[in-house]
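Colleague: For reference, the chains in residue letters:
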Amino acid sequence: MSFSVTEPNKGTKWFAGVLVVGYALVTIAPLLWIIATGFKSPADSIAYPPKVVFEPSMEGYVNLFTERTRATDDMLEAAGEPTTWYEEIARDQGTVISGPSRYGERFLNSVIIGFGSTALCMILGTAAAYAFSRFRVPLKDDLLFFILSTRMMPPIAVAIPIFLMFRNLGLNDTHLGMILLYTGVNLSLSVWLLKGFIDEIPIEYEEAALIDGYTRFQAFYKVVLPQAATGIASTAIFCLIFAWNEYAFAVLLTSGTAQTAPPFIPTIIGVGGKDWPAVAAGATIFLVPVMVFTILLRKHLLRGITFGAVRK
Amino acid sequence: MAQIRIENVRKDFGTFTAVQSSTFTIEDGEFFMLLGPSGCGKTTTLRMMAGLELPTRGEIYIDGEEVGQKPASQRDIAFVFQMFALYPHMNVRANISYPLKSQGMKSGDVKNKVGEVAEILGITDILDRPVGGLSGGDRQRVALGRAIVRDPKAFFMDEPLGALDAEFREHMSEELRALHDRMGATTVYVTHDQLEAMQMGDKIVVMNHGVVEQFGVPQDIYDWPATRFVAEFIGSPPMNFLEFEGMIGTGGTEVRLNDVPMEVPQSREGANGKLTFGIRPEHVDFNDDAPYRGRVIATEYLGTTQIVTFETPNGLLKARVPSHEVVTNGQLIGLRFDPRTVTLFDAQHGKALRSQGNEGVFGHG
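Chains as they are written, first to last, in this note's numbering: chain A, 1 to 312; chain B, 1001 to 1365.
FYI, nobody ran anything at the bench for these hints, they're computed from the structure. Just so it is clear, the structure is predicted and the values come from calculations on it, not from any experiment. Positions of the beta carbon are idealized from the N, C-alpha and C atoms, including for glycine. You can take every hint at face value.
Here are the computed distance ranges between Cβ atoms for each label pair:
| hint | chain 1 | residue 1 | chain 2 | residue 2 | range |
| --- | --- | --- | --- | --- | --- |
| 1 | A | 200 | B | 1021 | 35 to 41 Å |
| 2 | B | 1348 | A | 135 | 41 to 47 Å |
| 3 | B | 1103 | A | 137 | 30 to 36 Å |
| 4 | A | 142 | B | 1349 | 43 to 49 Å |
| 5 | B | 1171 | A | 200 | 30 to 36 Å |
| 6 | A | 137 | B | 1170 | 42 to 48 Å |
| 7 | A | 200 | B | 1199 | 32 to 38 Å |
| 8 | B | 1056 | A | 142 | 23 to 29 Å |
| 9 | B | 1103 | A | 287 | 48 to 54 Å |
| 10 | A | 135 | B | 1209 | 25 to 31 Å |
| 11 | B | 1059 | A | 137 | 25 to 31 Å |
With a straight-line Cα cutoff of 27 Å, these simulated BS3-like cross-link-like pairs (lysine-lysine) come out:
| hint | chain 1 | residue 1 | chain 2 | residue 2 |
| --- | --- | --- | --- | --- |
| 12 | B | 1111 | B | 1101 |
| 13 | A | 222 | B | 1111 |
| 14 | B | 1318 | B | 1351 |
| 15 | B | 1106 | A | 222 |
| 16 | B | 1113 | A | 222 |
Could you build all of it, start to finish, from the sequences and the hints given here?
Modeller: Spelled out as structure tokens, the structure:
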């Protein structure tokens, strides 16, 4: 798609190419650095000047997933030969593995809360958007504005009231609480985005389904939903990214059972010195689900963002 | 197949009245046209019959059963939309079989039925194609296929040819009419194109501003318009209107137009005051002896005929005459109006005065 009436000339194309590559480098460089740091030894990770070429080590990953205790030479002797590769890495640091770390649980919490709130947000958002798009809702414009207005301040501005409410309701540090919170924050975005997408679907399709002998719900489910798939997918990505990366509420409202990965990762630093490779390893693994989700849906995302820009 | 009866149907959207109070009957197997300019309420009327809108008041009977407040899915009718509204995420076969699936028909039967319909419409070879890449005509055929596949009680079509090229429209309208004659199904067809309506319809309802202006067979509507609106909307060029002041008694056969006596069909009601003399362009002849004269101000050549525009003492008048008649601008020509075809209108409210000619034509006024 070109925004200009005339085809861009060679120089313009070249300039645009350089700009895109430059921007890509700037955004990707920190990511690459994090991924690389995850495979460095602690010494290499804080070496100055920074090391670009280094001997890869799995120490960061081992440290991320295990709890270790420092052991004396006698104790190491008594423990016998290490039986696994990760035990060997721990021994090399003069430690023995005492058990798994909490990263796994925290990661799972992130998955439950992130995907749970995204799913809930999509269900409620699609239903609300459909109603706003198709039915004569009293005070429709005011309601839509009201919904949008919840985004007009940073969500963290209401952190204290939410904290107090959650405490009274017993939602503190629960999966349900976090799912409801992220759903609440994301819902206005999803209602607005999805309403736009559903508005673009001609109402005749549903009417045709009604005539063909289907109920309104069947028409919605079988005709509108498949066509709104693009919009739903791109909206879901936005919602997931927010819920997945959210830090401030997670720090405030979770500490144990429902703690997500973002507040957990920095705490790794405190365990046995500044363990940057373990932090980087935690961040790298944390990136994977959103990346996979986005790549899976990227066709929809691109179409979604430009949806409605051009009449087909 | 079914008779459809509309009784005192009214539809309000907030403070706007789309349809005021319509009453008419569509007989079993008829090809019925709802004709009128945009915004006249014809589409709303059709959508109420289909159950896509619910009437504010009044009754709708399909096959003797009152369905006014029933949802579309329970009326057993088919609807062809102007933009076809084929389900874009399904292929042609899935589109056509969709109404059968809602009835829980077995997949083997569905397959046979869809094959049968595809045969009738000549679309067997595109059954497994997605609908996205189809031409306008093929989309139209698929939309028709989806409509006829389950033998509904009636077909409703909302300007189904509106989205097609002019060239193709002609062809498709013939196909539609042939399909109707073959199936014999009651069909209600909305259009704003008077030619289409005359060409295809067994009967026509002409609507304007939510009011049924006239209801009848195309010939009656053309020859004996019930109102000035109908006379103007139908025919190209439309009926001529010569304004005059005068009177006619019940049984009268003559009016005076600019002091020239004009013979008219015997009147069945008297009128006095501002009147309109309506005559179709093809019923105007040149006659040098005629006392009523007009000055030529323009001519349009149309092949076998030409349209000559005159200035007369009672306003502009167009005549359709053979092309070989030689006329020049500024020429004064005597005009003779075929007395059997004249309609007089009350200029005040535009209603046609009843006469021997239009007797029995106005089923509705």
